[in-house]
Amino acid sequence: MKCTECRDALAAYLEGLLDPADRARMEAHMDECSSCRAELEATRELTARLEREGLAASPVSLETQVMDRILQQQAVELRRLKMRNRIRVLGISGAMAAAIAMLLVGGFWLAQPATAEAERAAEVLAQGAEATPSPSTVHILAKLRTIAHDNFVMIGDQYDFVPVEIWKQFGAKPKWRVEKPGRVAVMDGKSTTMLIRPDYVVTFPQPSPAAFDTGWLLALTEVQDMLTHELRCAQAKRWDLKLTHQTTAAGEQVIVTVEAKSRLPADDYLKNKSFEDADMRRVYRFDGKTKRLVGFDAYLHRKAGEVLILTVERIDYDQPIDPAVFTIKMPEKVHLYHQPERLPDNARYEKMTPEEAARTFFTACEKKDWKEVEKFLWPCDGRVRQYLGGLKLVRLGTPFQSKGYRGWFVPYEIKITMKLPFRVCRSDAAKRWIVLGPNVQADAKRLAELKPLPDAGKYEKLTPKEAIQAFFAACAKKDWTEAQKFLADSTTGQNLEKEMGELATMDVHVGEPTAAKDAGCWETPVEISFVHKHNLALRSDNAAKRFVVDGGI
Amino acid sequence: MPPSDAECVRSCLDGHPEAFRHLVARYQTPLTRHVRFHLGEMGEAMEAAQETFVRAYFALGNLRKPESFFSWLLGIADRVCQETRRAAMRHKSVSCDQLELAEATKPDPGARPAVTEAVTRLPDAYREVVVLRFYGGHSCADISRDLGVPLGTVTKRLSRAYVLLREQLARRGGAGSEVTP
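Protein chains in written order, with numbering that gives the first Met the number 0: chain A, 0 to 552; chain B, 0 to 180.
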């Protein structure tokens, strides 16, 4: 080691931040170099002085004063905005109003030479904000393209719409609830809890203003803030504003369209994956008379055109909310989430790179070493085990990061093999075998109602195994008319394509059927394997400082 | 886990002023100390620190690199200090009473321990890490996050800051005078 290198590392040495090898090298150097040794001693004395100085400085608390001043100043700004509207109402000519407004808001408009339409649209937003000063409660019904069994952040045109319902009670002790099919999050004024259906529970002992990625949904309930904020962003970031009118059954509506832009760079992995980081067209619908916000839609911009991603179907203001809404009916037995704990061999995990963590995780899944898997993934229940158990890691890519996320993404390819118990049941009426999904019970009445096919002879003589093989063969060819012949319910080819389309790329192996309990039914193990490519999200900003799986499974 | 600086900044820009509270909590002590190095008097320093935070909040839209929030904050603080000192100078010409008052609030290098005085004179990049480490009580890992620079850079800057500090203290002639309390 050279002296310059040694001196640059002095702080790291004194802070105990060198790894054992570097530490040993440094100590070896200092054993031989008296000048560096003296340097270390002098630095030690200096840091001791600095420590004393620092301790002598009493801590400062400015939070309350600063936040009070900020909120006060913001209120002033909003009043100016409203004043601007009044000028308009007073009938002062456009140019003069704009001139006065410019003085009032101090260059607020200088940022953008607004078109007359954009200016009017901005006013509608400001009026909308004014028309909803402080409701006691807000209740919103919406539909969102998202994953039903994930937290509340992901959006995407590849997902189906799921219903989302939001309740917010304002006041000294606010309460809220956000719900969709797979998850429900509630803040009851004291604590914040999420139920991951059916029986996983995450709870914080404090009343959180938003948790589990519900922040942007709850922001929809704070209409005044949301509109004021949208207006500010549109003006500061020069987003395009448009204004249209529409006559609906409920009366005249004024519609403002905002072309919002993501804060993330174009090539960022998380761009367009959440409401706040997407390039989207946001459409605010206001009641022509009351000026209140009555509807809201968001469209994601895709290459192929725009896709509706969120639609607020109903907003109720000031309606009393049943207190029971702010409680969750819990299943009898629940699994409670806790922060990743320090493990006895935590150091081993702490040292892992994202790639090593991903490899360790997938290797543990391969070996079905669930104890090891649980160090990375929660919940690790039966469904997860069924899905991940027996996977084969094909390859890992180079880890990468996003500006919108504090962890890492590790690209991976895994081969997943699932053994699913399919059933085939004989329909004597239809003279053929009917394939039922895993764990689906036969409906004798339905089977008796089925009609024979015109070419019944072709299907009559199949064995149960041949029938199920023929069904999967049809799916592999995407021959939905043929596949349909093995199903009890008539469903469209489009639906089948959606549900079974992926089978075309999968390996299917049909096992030996065994007679099931129900008469005329056979239980058939079917092994389905496929290669799954995705990015594993890992983060280590927890107390144990080791990587845990945060998504991407 | 508290949110990162960049997350707080983004939250504020997205209309959640409450997120700024985290930033105030994180930097109030080091910022006030930093300002005090400029102004000398504690009451004045707290006033200037407050003003710095409020100005920073309303200028967040101009912050290019949200992960370097603290360095940017220090830049604003320096301007606030300049203005405060200029105001104090104007004060000075008003009356004798006020002159005395202004004198009292003027930075008085002699009143500060030599080491603190030396910290004041460090180049920005070095002063930041020293102020955060010793006056803000942040760990090196925290500082790496606060300033958005790698941990190795933080320790290297600290090492070099120590060299500069010792050189300055030696130049004052009393290198050893304050070493032993």
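It is worth saying that the hints were derived from the structure and are not from the lab. None of the values given here were measured: they were computed from a predicted structure. Please note that a few of the clues may not be correct.
Claimed, not checked - Once the Cα atoms are required to be at most 30 Å apart in a straight line, the calculated BS3-like pairs of lysine-lysine come out as:
hint, chain 1, residue 1, chain 2, residue 2
1, A, Lys302, B, Lys155
2, B, Lys64, A, Lys370
3, A, Lys272, B, Lys155
4, B, Lys64, A, Lys497
5, A, Lys350, B, Lys155
6, A, Lys236, B, Lys64
7, B, Lys155, A, Lys270
Each hint tested on the structure:
{"no.": "1", "hint": "A:Lys302 / B:Lys155", "in the structure": "violated, 47 Å"}
{"no.": "2", "hint": "B:Lys64 / A:Lys370", "in the structure": "violated, 41 Å"}
{"no.": "3", "hint": "A:Lys272 / B:Lys155", "in the structure": "violated, 38 Å"}
{"no.": "4", "hint": "B:Lys64 / A:Lys497", "in the structure": "violated, 44 Å"}
{"no.": "5", "hint": "A:Lys350 / B:Lys155", "in the structure": "holds, 22 Å"}
{"no.": "6", "hint": "A:Lys236 / B:Lys64", "in the structure": "holds, 16 Å"}
{"no.": "7", "hint": "B:Lys155 / A:Lys270", "in the structure": "violated, 35 Å"}
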